[in-house]
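A.B. asks: Okay, here's what each chain looks like letter by letter:
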Amino acid sequence: MVDWLIHLAALFAGVAFLLALTRFIKGPSAADRVVAFDVLTIISITGIVLAALTEGRGIYLDVALVYALLSFLGVIVVARYLEGGF
Amino acid sequence: MTMLLDIIGGLLLVAGTAFLLFGGLGLVRMPDVFNRIQAGTKATTLGTLLTLAGATCLQPAWGVKLLLIGLFLLFTNPLSSQVLARAAHRSGAGKSEKTSIDRLEEDQRKKP
Amino acid sequence: METSDKAESGAHNQVILFTTLFLFWIMLNGTLAADTLLIGALASLSIALLLPNGLSFFTELQDTPQALVAGVRYYGYFFKELVRSNIKLTAIVLTRDLPIQPGIVKVRTKLKSRMGRLMLANSITLTPGTLTVELDGEWLYVHWVTVESTDIDAATAKIVSGFERYLEVMYG
Chain L
12 MVDWLIHLAA LFAGVAFLLA LTRFIKGPSA ADRVVAFDVL TIISITGIVL
62 AALTEGRGIY LDVALVYALL SFLGVIVVAR YLEGGF
Chain V
114 MTMLLDIIGG LLLVAGTAFL LFGGLGLVRM PDVFNRIQAG TKATTLGTLL
164 TLAGATCLQP AWGVKLLLIG LFLLFTNPLS SQVLARAAHR SGAGKSEKTS
214 IDRLEEDQRK KP
Chain D
1260 METSDKAESG AHNQVILFTT LFLFWIMLNG TLAADTLLIG ALASLSIALL
1310 LPNGLSFFTE LQDTPQALVA GVRYYGYFFK ELVRSNIKLT AIVLTRDLPI
1360 QPGIVKVRTK LKSRMGRLML ANSITLTPGT LTVELDGEWL YVHWVTVEST
1410 DIDAATAKIV SGFERYLEVM YG
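In the order they appear, the protein sequences are chains L, V and D. 97 is the number that the working numbering gives the last residue of the first sequence; the numbers go up by one with no jumps. 225 is the number that the working numbering gives the last residue of the second sequence; the numbers go up by one with no jumps. 1431 is the number that the working numbering gives the last residue of the third sequence; the numbers go up by one with no jumps.
A portion of the hints provided could be inaccurate.
What the hints assert, rightly or not - With a straight-line Cα cutoff of 30 Å, these simulated BS3-like cross-link-like pairs (lysine-lysine) come out:
1) V:Lys223 <-> L:Lys37
2) V:Lys208 <-> V:Lys223
3) D:Lys1339 <-> D:Lys1369
4) D:Lys1371 <-> D:Lys1417
5) D:Lys1339 <-> V:Lys223
6) D:Lys1369 <-> V:Lys223
7) D:Lys1417 <-> D:Lys1339
8) L:Lys37 <-> D:Lys1347
9) V:Lys223 <-> D:Lys1347
10) V:Lys208 <-> D:Lys1417
11) D:Lys1347 <-> D:Lys1417
12) D:Lys1417 <-> D:Lys1369
13) D:Lys1339 <-> D:Lys1371
14) V:Lys223 <-> D:Lys1417
15) D:Lys1347 <-> D:Lys1369
Source of the hints: derived by calculation from the structure; they are not laboratory data.
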């Protein structure tokens, strides 16, 4: 039962990932792509947590945390670049 | 008891990822970058928080670390959206033709 | 921005930043072993010394019982609004003709502290149909998916007041 629910959740996350990827490819502006990238990262974090659950390995959570940290910094840096000033 | 907690956890996971799905759909359907940020940021924040809560139900031993990820996302997710929205506005991103008013642009024009 | 003594509030903020970082470190490691604590303390100390204006969750938080009560009620209200905002957005996204009427309105906040304003901006971003675009002193520019009012006072009442009454007690 629970395994089945985790797999359903993984399916939802996968479809969400594909939808966000569509926006990432279509753009049209750089800002649109960064929004899509931000959403893609967060969906990936959910994916990592789901992987940690199915594999039963808590060490993956550290990966998720560092990923969240790096994505936040990445979005801030790209946003500063779009504003045209560092 | 554990069985019940497991099922609640599984349902929370499904609910959380369902919100991610609607967020992704919003990202595709919304007409301009600001509305896309709105759809993206709200759905992903609640979606991940629910997923993390579900994972805590399934693996209570991971609670502290999951809480840490949750707190971090709760604080940085809206922040990066705001910075991005500001950058989009400053770089003159196109707005949907449905947009009725833009006080920020009006005020910026007034300033020299 | 602040009227209080700059140097004193700087040192105070550094102590708060150190405490936040150290707590974060302990939670991250999940252990109280002496060597782990020592490394964490050294790292937190050097970061706090490098950032004289460091901002943390606890910066400018009032230490009164009322602030604690307001904090708990703030989070209750916040999660209620977060769920409501997601349901509203889901409904919009699932409607065929996309019923939106977006616009950017201007609102004003009574909050004085940096952290209070930051928390307010974050809260606005996560609540039904609103997104903070620009902060300019006491003025906030908010993108609204369905503009209900373009008047400053009416928009402030609709967007800001709900959170402000709690944040005012928490951060001043």
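A.B. asks: The structure should be examined with respect to each hint, and the outcome stated for every one.
C.D. replies: Here is what the structure says about each hint:
1. V:Lys223 <-> L:Lys37: violated (35 Å)
2. V:Lys208 <-> V:Lys223: At roughly 20 Å apart (the allowed maximum being 30 Å), lysine 223 of chain V and lysine 208 of chain V satisfy the hint.
3. D:Lys1339 <-> D:Lys1369: holds (23 Å)
4. D:Lys1371 <-> D:Lys1417: holds (20 Å)
5. D:Lys1339 <-> V:Lys223: Roughly 38 Å separates the two Cα atoms, so the pair is violated.
6. D:Lys1369 <-> V:Lys223: holds (24 Å)
7. D:Lys1417 <-> D:Lys1339: holds (16 Å)
8. L:Lys37 <-> D:Lys1347: holds (26 Å)
9. V:Lys223 <-> D:Lys1347: violated (35 Å)
10. V:Lys208 <-> D:Lys1417: This hinted pair holds, its Cα atoms lying about 23 Å apart.
11. D:Lys1347 <-> D:Lys1417: holds (16 Å)
12. D:Lys1417 <-> D:Lys1369: holds (14 Å)
13. D:Lys1339 <-> D:Lys1371: holds (26 Å)
14. V:Lys223 <-> D:Lys1417: holds (26 Å)
15. D:Lys1347 <-> D:Lys1369: Holds, at about 28 Å.
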